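Chain order of the listed sequences is A and B. Under this note's numbering, residues 1 to 255 are what the first sequence spells out, in order. Under this note's numbering, residues 1 to 305 are what the second sequence spells out, in order.
To be clear, the hints were calculated from the coordinates, so they are not data collected in a lab. There could be a bad hint or two in this list.
Below, in silico cross-link-like pairs of lysine-lysine (PhoX-like), each with a Cα-Cα straight-line distance of 20 Å or less [unchecked claim]:
id, chain 1, residue 1, chain 2, residue 2
1, B, K14, A, K106
2, B, K139, A, K106
3, A, K15, A, K208
4, A, K211, A, K15
5, A, K71, B, K99
Note that the structure is predicted; figures quoted are calculated from it, not measured.
Residue strings, one per chain:
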Amino acid sequence: MISLKGVTKTFGSIKAIEDATFSVDKGEFVFLTGPSGAGKTTILKLILRDYLPDKGKIFFEGKNIVRLPEKFIPSLRQQIGVVFQDFKVLSERTVRENVEVALAVKGTPPSEWKNRVRDVLELVGLIERATLFPSQLSGGELQRVSLARALVVNPKVILADEPTGNLDWDTADELMDLFEKISKEGKTVIMATHHRGIVDKLNKREIKVEKGKIVGGGESPKRKAKAKEKPPVKKVEKEKTEVKVKVEETEEKKE
Amino acid sequence: MANIHFRTALDYTKRSPFQALAAIFVLALTFFVGTLLAVLVYSSGKALSHFETRPQIIAFLNDDVTAEEISSFQNTLNKDSRVKEVAYVSKEEALEIYKKATADNPLLSELVSPSIFPASLEFSLTDLNYAEDVIDEVKKVSIVDQVGFTASLGGESTLGDVVTRLRTITWYVRIGGAVFVGLLVGTSLLVLLVIISMRITTRRGEMEILSLIGATKKFIRSPIILEALIYAFTGVFIGWIFALILVLYATPNIVSYFGEIPVLPRDTVQLFILMGIILATEIVVGASLALFGSSLAISRVRRRK
């Protein structure tokens, strides 16, 4: 679904991400873990094409989004739901309007808005807060608004950047239950967090990031299994002649 | 979809009422002055046209002239490209004109009969510069007794002077008005630019959020452009309405002051058609101003990543 290959991103002399390679399968729930400043947010922003890498390739559904022309970035982002640590809700719009905006952005016909907004607000438990403004909500509720906005457009992937960073444990726990529920519905979730308790509780794959480098968990289970079953290149020894046999060639390989 | 953009634009306007009022007032002033100047340009043009097209030459005919001879001479004049609006004035009509002119003193009209007034052919010229040649030619026609310049009532040079002076005034009104309105439009554009730039700066966070959730540039810019259009159209309507009230209020006095010179349409429908044309033009100018101003503001504050 998503993979990074040798991605490097620098800001001036600072290497935020260095030669990062990992992949995430469709429907998978993975954590990006690491201390603050490790590069977790940068990775999410690279996937969202908010940043362009200096080097490397980023694949989204087999397409290298690094080469994606600027005019196609909105359509890429419309396939990705984003939940931010600082909520990033529109402060002068009600809960309902915040969710509706995402539908408007995606070009969903207004006739469908009512039902879809109601469904998603019920899912995140905010149906009774629909007419309130963000200033009238708690941190946990704001994060739910952010999640509702991400979910309402039925995205293929959810990127969550420290969604529990500003929440107490109980609220964070409730939110994580929600994320797990969403994941079980088949959505791919990539969550950046340094909240150890959450990672341990959900027991999902953990991609460890340290000082901009992937130090563990970079390979997806499917890929691992595939690598074991069908090595991409087989060496056949025959009378001291080395023959390379291609087993499979995906679009990613072509890149 | 347009509804959400329009709602957002209206919200922007409501949340910063003083910025909105500043923009609307400046635009309203521009279009108020613009409307009045447009009316002034129309009036001066009409006055000029009135003086240019009124009968300028009168060919007084001999008493014994026949209807055929008059008709033949009239046809000759009609075919002359320098001549326009040829009209025959009979002895009776001449008396009526005299009676009207001497209405203040009925004794003068009682003492005269139609027979003492010659019939005449009155016509105007496409250009006053042809006057001398045409008068000389008409004088040679056998059925013509005398040739008079309309200006004969005030001297040959008077009409030419009036027209020349009016042309100068009209030119000054047009150029001066264009410069003045140009300055006001420039000021409006700057005010619009500043206000929209401020709006974009204060809304940058919102624009970034929209961009991150996949909004296109068009989606993000639409409310900003719509907001500028709201200012422009409100300004146009307020400016135009005030100018219309002023024109309607002043029209009776203006019409009676200028008498037969049609500086403003006397027919209400015609007056509203004139004002409607001005409004339509101003809407186009206002929309262009808003589109240009907001586009310029967006391009100036566009974030470079």
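Hints, verified against the model:
no.: 1; hint: K14/B with K106/A; result: violated (27 Å)
no.: 2; hint: K139/B with K106/A; result: violated (84 Å)
no.: 3; hint: K15/A with K208/A; result: holds (17 Å)
no.: 4; hint: K211/A with K15/A; result: holds (8 Å)
no.: 5; hint: K71/A with K99/B; result: violated (81 Å)
Checked against the numbered hints given earlier, this structure breaks hints 1, 2 and 5; the rest are met.
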